[in-house]
Amino acid sequence: MAYDFSLLHSFTINDTYIVMDINSGIVHSLSKEAWDFFKAWEKADGDAREAVTELAEVYDSEELKGIHQEMEVLKQEGMLFSYDEALDKYELPEETVVKALCLHVAHDCNLRCTYCFAGTGNFGSERGLMSLETGKQALEFLFKACGPRKHIEIDYFGGEPLLNFEVVQELVHYGKARAATLGKELKQTLTTNAILLDREKIDFLINEDVYMILSIDGRPNVHNRMRPFSGNKESYPLVHKAIKDYVNQQEGDTYFVRGTYTHHNLDFSEDVKYLIDQGFTQLSLEPVVAAPNEDYALKEEDLQLLGEQYEKLAEMLFEYHCRSKNVTYFHYNITLDKGPCLPKRLTGCGAGHEYLAVSPKGDLYPCHQFMGQEEFKIGNLTQGISNLTIGKGFRKAHVLNKEKCRDCWARFLCSGGCHANAHNFNGNIFEPYRIGCEIQKKRLECAIYLQVKKWEYNSLENIK
Amino acid sequence: MAVKVHIKTLNKEVLTQTLQSGGCGECVTSCQSACKTSCTVSNQSCLKK
Ligand code: SF4
Ligand code: SF4
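Heads up: the sequence lines are chains G and S, in that order. According to our numbering, the first sequence is numbered sequentially starting from 1. According to our numbering, the second sequence is numbered sequentially starting from 1.
Bear in mind the hints are in silico, worked out from the structure with no lab data behind them. The reader is advised that the hints may include incorrect statements.
[Stated by the list, open to error] Quick list of the computed label-pair ranges, beta carbon to beta carbon:
1) S:V5 <-> G:K396: 40 to 50 Å
2) G:R406 <-> S:E26: 55 to 65 Å
3) G:A44 <-> S:S21: 22 to 32 Å
4) S:E26 <-> G:E50: 22 to 32 Å
5) G:N232 <-> S:E26: 39 to 49 Å
6) G:Y320 <-> S:V5: 24 to 34 Å
7) S:E26 <-> G:Q76: 45 to 55 Å
8) G:L182 <-> S:V5: 49 to 59 Å
9) G:E50 <-> S:V5: 41 to 51 Å
[What the hints assert, rightly or not] As a list, the in silico EDC-like pairs of lysine to aspartate or glutamate whose alpha-carbon atoms are at most 16 Å apart:
10) S:K8 <-> G:E456
11) G:K184 <-> S:E26
12) S:K8 <-> G:D277
13) S:K12 <-> G:E94
Remember, it's a predicted structure, so these values are computed and weren't measured experimentally. In this text, a Cβ means the ideal position worked out from N, Cα and C, and glycines have one as well.
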């Protein structure tokens, strides 16, 4: 077929007209005339003459023909209707190396977050802390398993990792020293609820270049509702102060403030705004993932409202951009040029082969979300990976092999969603979680829209 | 009178070309779940570029 419009994704947000060429990832911003022509052309199944006739009363025909010519040139240049047969045949290499570990240094927690997938920190089994010895064994496992890869990662995770801070401290030193000896670049991250984040810990984490993921949900009542102490006591004042202290002290954007929004705060753009007003400029708010019977779970009928919120958020971030206020909202920070290569986009999160989670006792799982599920256990630190089938299965579950993803316009931007969500909702890692997909697609449209707006704004500023 | 620009193209790098050139694996991992940093893969940058 000469013109296969399913190779393109077109959408408009607030008078901005966007066409994305799905396979090349090229984004075009259209004038209203060009948009109307494009839509008429699509309706006429690629018959440009018919499209021009259809619009003859609205626009000058010569101008429309000019637009059509521009589109033909883009097509020839591989930036519209692009298709590469290599995609049909492409197989990801089977062999991979482990390059990131999530260390569950504490299966215990000092908060009782309602939506916690870890069942208040213990992942459905007994509470426990990782010993220093197991931690070191995990680091050595990574140094060996990463083979020739230079850049590797460790995330200190929980439960709440600061409940095992002494071990974390030792491991951070150990990891740094060993990485230096072996010539590796080790990135160390710590994900925390900030309850125990005091001056001494902040100093240590900053001095040792540990990246921080700090959890706070937004406005005080929103946060307290979902992230209380046991006995339903509010945690906001402590958390807010600790994060603020950390953010004020660090230099060079070594953190992300992250939160979760639920059915109870569908106006979550207000929470983003609130967090930005607190001086947190690197942030993200994520949709909760929960069983449909929970009162806080997101529902199909919330999607409309959430879509409007994402648009509002894009406008807000654009306004900050115009005022030269530097704010990074994780999901909108999309890289159109110099982004990841296609093999990476097919690899996605790498759970089960590039990325593994280690339990406090040293058992290995495909990722933190599968922690403690016996049927997903793939080995342990002493014997290494004993079940290779699970990792291979995860690697196969990429967008070109999943029916829904293969036809989805967002496939190379999204990379196929979270396997754990797919497994939990549909019992099958090849079947993505629908509400997650809808949110993802809207969020990506808004991210592209924001890029277009910024690009146009910057071009105008340069002319001035 | 200035000619009206009808189509502005934001990026030039054709993704499918990276099928052959890419895959060095040096980039950071990208979990998409809510409890982590939750990166959409596309918002990372490539370490080689
Ligand atoms: S949005 Fe859903 S269907 Fe589309 S690529 Fe992502 S996971 Fe697959
Ligand atoms: S399966 Fe889901 S939770 Fe696990 S690493 Fe991948 S995206 Fe993250």
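Comparing the hints with the structure gives:
1. S:V5 <-> G:K396: 40 to 50 Å: 44 Å, holds
2. G:R406 <-> S:E26: 55 to 65 Å: 28 Å, violated
3. G:A44 <-> S:S21: 22 to 32 Å: 38 Å, violated
4. S:E26 <-> G:E50: 22 to 32 Å: At 50 Å between Cβs, range violated.
5. G:N232 <-> S:E26: 39 to 49 Å: 46 Å, holds
6. G:Y320 <-> S:V5: 24 to 34 Å: 27 Å, holds
7. S:E26 <-> G:Q76: 45 to 55 Å: 34 Å, violated
8. G:L182 <-> S:V5: 49 to 59 Å: 53 Å, holds
9. G:E50 <-> S:V5: 41 to 51 Å: 25 Å, violated
10. S:K8 <-> G:E456: This hinted pair holds, its Cα atoms lying about 9 Å apart.
11. G:K184 <-> S:E26: Distance of about 11 Å is within 16 Å: holds.
12. S:K8 <-> G:D277: Given that 16 Å is the threshold and the Cα spacing comes to 34 Å, the pair is violated.
13. S:K12 <-> G:E94: Answer violated: K12 (chain S) to E94 (chain G) is near 30 Å, above 16 Å.
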